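Asker: If you read the sequences in order, they're chains V and X. Residue 1 is where the first sequence starts when you use the UniProt record's numbering, and the numbers rise one by one after that. Residue 1 is where the second sequence starts when you use the UniProt record's numbering, and the numbers rise one by one after that.
Certain hints may be false.
[Claimed, not checked] DSSO-like cross-link-like pairs, simulated, lysine-lysine; straight-line CA separation at most 30 Å:
| # | chain 1 | residue 1 | chain 2 | residue 2 |
| --- | --- | --- | --- | --- |
| 1 | V | LYS410 | V | LYS481 |
| 2 | X | LYS269 | V | LYS269 |
| 3 | V | LYS410 | V | LYS269 |
| 4 | V | LYS240 | V | LYS147 |
| 5 | V | LYS330 | X | LYS269 |
| 6 | X | LYS410 | X | LYS330 |
| 7 | X | LYS481 | X | LYS239 |
| 8 | X | LYS481 | V | LYS269 |
| 9 | X | LYS147 | V | LYS410 |
| 10 | X | LYS330 | X | LYS239 |
| 11 | X | LYS214 | X | LYS54 |
| 12 | V | LYS410 | V | LYS330 |
| 13 | X | LYS214 | X | LYS481 |
| 14 | V | LYS147 | X | LYS410 |
| 15 | V | LYS54 | V | LYS84 |
Don't read these hints as lab results, they were simulated from the structure. All of these numbers come straight from a predicted model, not from anything done at the bench.
Number of protein chains: 2
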Amino acid sequence: MSSSITQNPLYYLINPRGIAFFGASNNFINMGTMILNSVLNMGYEGQIYPIHPKESTVLGLTAYTAIDQTPQAPDLAILVLPTKIVGDVLEQCGRRGVKNAVVVSGGFQESGPEGAAMQERLMRIAEQYGMRFLGPNCLGVANPHCKINTTPLPYECGPGFIGLASQSGSFVTQMYDQLRRLSLGFSTALSVGNEANVDLVDCLEYLGDDPHTKVIGMYVETIRRGRRFVEVARRVALKKPIVAFYVGGSETGRRAALSHTGALAGPDKLYDGILRQAGVIRAQTITELFDFCWALGSLPLPAGPNAVIQTDSGGPGAAAADACERSGLKLPPLGPSTIELLRPLVPHTGSLGNPVDITFPREFRNYYWDIPDALLRDENIHALLIYFVLPVELIYPSIAAQGLPVSEAKRQAVELVSGLLDQTRSLIDVHGKPVVGYSFNSLEQEPLRGLIARGMPVLSSPQRAARAVAAMSQYARLRQKLIAQGQTA
Amino acid sequence: MSSSITQNPLYYLINPRGIAFFGASNNFINMGTMILNSVLNMGYEGQIYPIHPKESTVLGLTAYTAIDQTPQAPDLAILVLPTKIVGDVLEQCGRRGVKNAVVVSGGFQESGPEGAAMQERLMRIAEQYGMRFLGPNCLGVANPHCKINTTPLPYECGPGFIGLASQSGSFVTQMYDQLRRLSLGFSTALSVGNEANVDLVDCLEYLGDDPHTKVIGMYVETIRRGRRFVEVARRVALKKPIVAFYVGGSETGRRAALSHTGALAGPDKLYDGILRQAGVIRAQTITELFDFCWALGSLPLPAGPNAVIQTDSGGPGAAAADACERSGLKLPPLGPSTIELLRPLVPHTGSLGNPVDITFPREFRNYYWDIPDALLRDENIHALLIYFVLPVELIYPSIAAQGLPVSEAKRQAVELVSGLLDQTRSLIDVHGKPVVGYSFNSLEQEPLRGLIARGMPVLSSPQRAARAVAAMSQYARLRQKLIAQGQTA
Chain V
1 MSSSITQNPL YYLINPRGIA FFGASNNFIN MGTMILNSVL NMGYEGQIYP
51 IHPKESTVLG LTAYTAIDQT PQAPDLAILV LPTKIVGDVL EQCGRRGVKN
101 AVVVSGGFQE SGPEGAAMQE RLMRIAEQYG MRFLGPNCLG VANPHCKINT
151 TPLPYECGPG FIGLASQSGS FVTQMYDQLR RLSLGFSTAL SVGNEANVDL
201 VDCLEYLGDD PHTKVIGMYV ETIRRGRRFV EVARRVALKK PIVAFYVGGS
251 ETGRRAALSH TGALAGPDKL YDGILRQAGV IRAQTITELF DFCWALGSLP
301 LPAGPNAVIQ TDSGGPGAAA ADACERSGLK LPPLGPSTIE LLRPLVPHTG
351 SLGNPVDITF PREFRNYYWD IPDALLRDEN IHALLIYFVL PVELIYPSIA
401 AQGLPVSEAK RQAVELVSGL LDQTRSLIDV HGKPVVGYSF NSLEQEPLRG
451 LIARGMPVLS SPQRAARAVA AMSQYARLRQ KLIAQGQTA
Chain X
1 MSSSITQNPL YYLINPRGIA FFGASNNFIN MGTMILNSVL NMGYEGQIYP
51 IHPKESTVLG LTAYTAIDQT PQAPDLAILV LPTKIVGDVL EQCGRRGVKN
101 AVVVSGGFQE SGPEGAAMQE RLMRIAEQYG MRFLGPNCLG VANPHCKINT
151 TPLPYECGPG FIGLASQSGS FVTQMYDQLR RLSLGFSTAL SVGNEANVDL
201 VDCLEYLGDD PHTKVIGMYV ETIRRGRRFV EVARRVALKK PIVAFYVGGS
251 ETGRRAALSH TGALAGPDKL YDGILRQAGV IRAQTITELF DFCWALGSLP
301 LPAGPNAVIQ TDSGGPGAAA ADACERSGLK LPPLGPSTIE LLRPLVPHTG
351 SLGNPVDITF PREFRNYYWD IPDALLRDEN IHALLIYFVL PVELIYPSIA
401 AQGLPVSEAK RQAVELVSGL LDQTRSLIDV HGKPVVGYSF NSLEQEPLRG
451 LIARGMPVLS SPQRAARAVA AMSQYARLRQ KLIAQGQTA
């Protein structure tokens, strides 16, 4: 851990050495209990003090009747309480010297004037006692590095490289399943709720300094401190990419955001301008937000906009070419020496254009190593998109034809493919260029799962692959521009 | 089978009573052998005559040295042969009285002038002998109703309702896995290749008449007979929806299409106009093509553009609202009587706006039946989008809390959910309105898999769900317009 991150004002909120928990009981059908369970299941190693008026233990932990009864003041209080008592409890925490809180409870700003007044009180208390808190109306923190998860859903991914700052708690928890399936994880995910005390900008500063975070994703319904956001984002963007999905640009999106976190979202074009100025890559959907983070966090940046598409099938090649052009990538013709390398590897029914259409590879090794290796040697090519079909189905009959039973042939095919995938994955490091796969097959089956587990992004459509590579190219340009403008980190 | 479909000129090409197969051997690493294997694995019940110069049996079937040696002339010849001998073999088939062919072999129009001349010859032979053929450079037919599959990949879906006409063979075979995972299937899928004799328009006419086809998908790189396409499509669109993905509108897409099927694609705007005039819904990606077909083929049409979003989470609600508006759907406020029905079902932290945000449902039954039922009763609402999280994870702890072991609690939770899903699915028939789910969880896990298996589309993002419902609304309007214009089927 670098020294700078421990000095960040949110450090002990996100990496607490001890926790007081308000609102858990021994009743499992209860949001507070579910959240305390998440903290326990994550394997949190610090001290936890459940605060409960009547129970002597909660989920097996010694409980205390009030925060002033605990042996010491922990770094963090988690509040999952009825709206009306949140203020008093926060004040008790402040008096006790607890410096950080996660206020999960809702019913504040987002519920109307009465809730807004209660939220004002939380803000005054925090100021009086020098506290920082996430929320209210949030799900708080998931930080696998500190083994803390204050959300009600189990975090079953490993520690990852994606930092998330989200104005939706759901977009933290709902991504766990997807990230796990892709062998990805959060470095730290933060749900900011109504942002009464800690806002997106604070989170951006934290994630910018966090050494575990290689790329920052943001779900944005509103930006409350525009100027400061731009300042911080430009500084962070020099070090690592920031990707944002903005919802609220449409009239109905705006209304939905208002009832969600009490945020007043602005027109789409305005936000487009702010994000551009801030050096933030804009994703058009939540799916894209994570696609972009995946590619940007796991691949070297392309040195330019020139991509090549490798396919064994015309349709998926043409669809990718169309998507590349619409995304602003270029598909230059291959250089003469590349064509010489390819000629013996591509049958006469194929095409040595761009897309390179192999039709039917002579050997599987050609498709997984020799051809992409030749393409990446081309100095004029900055990125490679490869279309993948499930080769296991195509390989095992040829092994079975040697007289082996089908089950043994399938096993050998998987083994053969596994070796090929190691080679394919190594292309990224060998050439220092991004390689993104795409396929219509299930990413949960071999060999795509294997390729993904080895660290190569494989996306479920040519368009998603093209857009992800374009986002990388966009970030590379942006970073150059920030440097040219003399931006400092 | 209606009488009209058997009179369609392509009927015995797509539903052959017997097949001659050229190009299969007993060597498994061979495209011809793989395709003959596909035909056999599909369970084709007619006679198959492999033609082979030397072998006496091929894959266990009696082989013949030439087509004039077979006991009778079958309906269909499948040719997977070196380019240069295709013409002679097609001519032999014509002389023998074989009236239909699938020419898988490539190396024709798409390969340059020499190939183009050979393709011309195929066209002349077909004319001379009154033959119809798919290809060259195609994968032919997958028709589970006749148990025929002339593509090299195994078709493991059941018979379905999606008819596909594709200028890419890959977009036939590469969808098998996806369709199977979604409990979907093709009614008939046709890969047209270079369209020397049978083109997209012929396929459209066939699929329009085919009683198994409820919705038609098209992958289009070029339309060769524009005027006829518009005529046929308008007639078909009156009976069933047609959805097309057009690639080739961009410069690079155009070049890729040229090298793929020798097609000269036109500018994007031109095709946009043709498709609109033809009454065809345009999908922006391959993913959308199948999303739209799924929704249009399995749900009643919405009577208007008004949708309601049901969510238990603000972010996914706001993202869906934004996507709905961008897709042209309306999100009207709920009627007073709907709000009365909902009030006891939605906690005070929730919202009775549109999106309806339940935050945390009091009972799971409320989320799966009572609330959507109330929403669909609203006369001003034409379609419902529901956000689904995985409830099994949330349900079993509450069952386990009654003292049951976790495995038993999980089993009971699955059973409970299964009953709920039956109810949720029944909403579509009870109200005669479309209901589309969306989620970020894996569609291959319960309960989403169960919901999908019961016939409710669940899409992997709010945007995809909104776009699918918008496509349904677009088709409903379009159909009204065709009727108003006096279009006849």
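Asker: If you draw a straight line from the CA of LYS410(V) to the CA of LYS330(V), is it 30 Å or shorter?
Answerer: Answer violated: LYS410(V) to LYS330(V) is near 39 Å, above 30 Å.
Asker: Mind checking the alpha carbons of LYS481(X) and LYS269(V) for me, to see if they're no more than 30 Å apart?
Answerer: violated, 34 Å
Asker: Can you confirm whether the C-alpha distance between LYS410(V) and LYS269(V) stays at or below 30 Å?
Answerer: violated, 54 Å
Asker: Are the Cα positions of LYS410(V) and LYS481(V) separated by 30 Å at most?
Answerer: violated, 51 Å
Asker: Checking one constraint from the list: CA of LYS410(X) to CA of LYS330(X), max 30 Å. Satisfied?
Answerer: violated, 39 Å
Asker: For the pair supplied as a hint, LYS330(X) and LYS239(X), confirm whether the alpha-carbon distance does not exceed 30 Å.
Answerer: This hinted pair holds, its Cα atoms lying about 26 Å apart.
Asker: Checking one constraint from the list: CA of LYS214(X) to CA of LYS54(X), max 30 Å. Satisfied?
Answerer: violated, 45 Å
Asker: Taken at face value, is the distance from the CA of LYS147(V) to the CA of LYS240(V) at most 30 Å?
Answerer: holds, 24 Å
Asker: Does LYS239(X) lie within 30 Å of LYS481(X) when you go C-alpha to C-alpha?
Answerer: holds, 13 Å
Asker: Can the restraint linking LYS147(X) and LYS410(V) be considered satisfied, given a maximum Cα separation of 30 Å?
Answerer: holds, 26 Å
Asker: If you draw a straight line from the CA of LYS147(V) to the CA of LYS410(X), is it 30 Å or shorter?
Answerer: Holds. LYS147(V) to LYS410(X) sits at ~26 Å (cutoff 30 Å).
Asker: Need the status of pair LYS269(X), LYS269(V): alpha-carbon distance at most 30 Å?
Answerer: Holds. LYS269(X) to LYS269(V) sits at ~25 Å (cutoff 30 Å).
Comparing the model with each numbered hint stated earlier shows that hints 1, 3, 6, 8, 11 and 12 do not hold.
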